[in-house]
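Numbering (full-length UniProt numbering), first residue to last: 1 to 417.
Simulated from the structure, these hints should not be mistaken for lab results. Yeah, the Cβ is synthetic: ideal placement off N, Cα and C, and Gly gets one too. Any given hint could turn out to be false.
Claimed, not checked - Straight line, CA to CA, 25 Å or less: simulated DSS-like cross-link-like pairs of lysine-lysine:
| id | residue 1 | residue 2 |
| --- | --- | --- |
| 1 | Lys-201 | Lys-154 |
| 2 | Lys-128 | Lys-150 |
| 3 | Lys-339 | Lys-382 |
| 4 | Lys-154 | Lys-128 |
| 5 | Lys-237 | Lys-308 |
| 6 | Lys-201 | Lys-186 |
| 7 | Lys-237 | Lys-123 |
| 8 | Lys-323 | Lys-339 |
| 9 | Lys-395 | Lys-323 |
| 10 | Lys-175 | Lys-155 |
| 11 | Lys-123 | Lys-156 |
| 12 | Lys-358 | Lys-87 |
| 13 | Lys-87 | Lys-123 |
| 14 | Lys-221 | Lys-237 |
| 15 | Lys-221 | Lys-249 |
| 16 | Lys-362 | Lys-323 |
| 17 | Lys-155 | Lys-237 |
| 18 | Lys-339 | Lys-308 |
| 19 | Lys-186 | Lys-156 |
| 20 | Lys-158 | Lys-186 |
Claimed, not checked - Quick list of simulated restraints, FRET-style, between CB atoms:
| id | residue 1 | residue 2 | range |
| --- | --- | --- | --- |
| 21 | Glu-193 | Leu-342 | 53 to 59 Å |
| 22 | Asp-367 | Gly-125 | 43 to 49 Å |
| 23 | Leu-351 | Lys-87 | 42 to 48 Å |
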Amino acid sequence: MFNDSPHLFFPSLVHSFPFLIPFLLLPSPAIALAAAAVAANFHRPCPPLFPNPRAPFDFPAASFRQIAYHGLYDTINGSTPVTDMSKSRVYADVNVVRPREYWDYEALTVQWGDQDDYEVVRKVGRGKYSEVFEGINVNNNEKCVIKILKPVKKKKIKREIKILQNLCGGPNVIKLLDIVRDQHSKTPSLIFEYVNSTDFKVLYPTLTDYDIRYYIYELLKALDYCHSQGIMHRDVKPHNVMIDHELRKLRLIDWGLAEFYHPGKEYNVRVASRYFKGPELLVDLQDYDYSLDMWSLGCMFAGMIFRKEPFFYGHDNQDQLVKIARVLGTDELNAYLNKYQLELEPQLEALVGRHSRKPWSKFMNADNQHLVSPEAIDFLDKLLRYDHQDRLTAKEAMAHPYFMQVRAAENSRMRTQ
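Can you build the whole structure from these sequences, using the hints too?
Structure (structure tokens):
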């Protein structure tokens, strides 16, 4: 993947941090050329394109038929519209009524910041598409996070940046501060606000009943906001929810798989992490929507209240559907498949078998019973539904009785401010 070029991404730190060398060497010529093809200038974050994103739309949205057959803007980021579609119950036409430049990330023109403004301090994580470091802004000594992107298609990089720009300033959405690239290798990096988070495997077992209610409510704020902006996250999981427990601050991070929602567009089902994949992904239903994020949230919530992480522990994608069917039952699965005219492959159908629905109470035990209230079970049950159209939306979820205490505390704080 890398050659032996002596050029390094942050040369001033190599002597102090030799472990960076494998990650920061100049890519091979082919990869360097691909990285250089990323558009020339990145836009600095904020302000949002629309000052009042929640204002109701007073003009009629184009119908699906208009989009599918006449092509509102020819095609939508290369999509092929379909005729028998499942359409989101909420925020379906956000990107239909907004100007093309809001969602057409392929046309993004970018302006690069100055890489010399930042220095790497230590590595904090890695993913499929990036290496992540704690860094510092040398101009003000403020901590930041430096996400060095691995060589991927320029289209994917542009999409992540455009989405982060559109969501800038949204509640509990990680804030993009700057975008820089190495002058020689053209490797791009995203600079984010720093969050002093605790690993969820350490934090979650210590959370009280109220803590869980509070943090899930904070996460719902981020999800409702991004959905209201016409964006699906598509990778909600504990690893992507940073929590500074001391400050009680939550941030939803890693928007690399996020995508703009267009009614009728067929999306790639190879998104989300296995344990948090919605049934729609596992049965190859491609015209999914924001409700995918609500399934992932439900999996995360189940893991927290039952102290069973992950809650659905599949060994591969097929086994993931089996694990879900053993809890939610196969009668409900078949009803879902029939509604959307889907069929399982014979091999998968045999693997799934036949199972009755398992009561949520079966997951209660002495260690978690203080977290599993009737309203928690009701909330969970309204999230973990096969049929994505039956799941609570983020806004509906925030109004659930499970969050009554949290809403009351928030209203009290607002009155005293």
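Practice problem: Kindly indicate which numbered hints from before are broken by the structure, ordering the numbers from low to high. | Solution: Failing hints, ascending: 1, 6, 9, 12, 13, 18, 21, 22 and 23.
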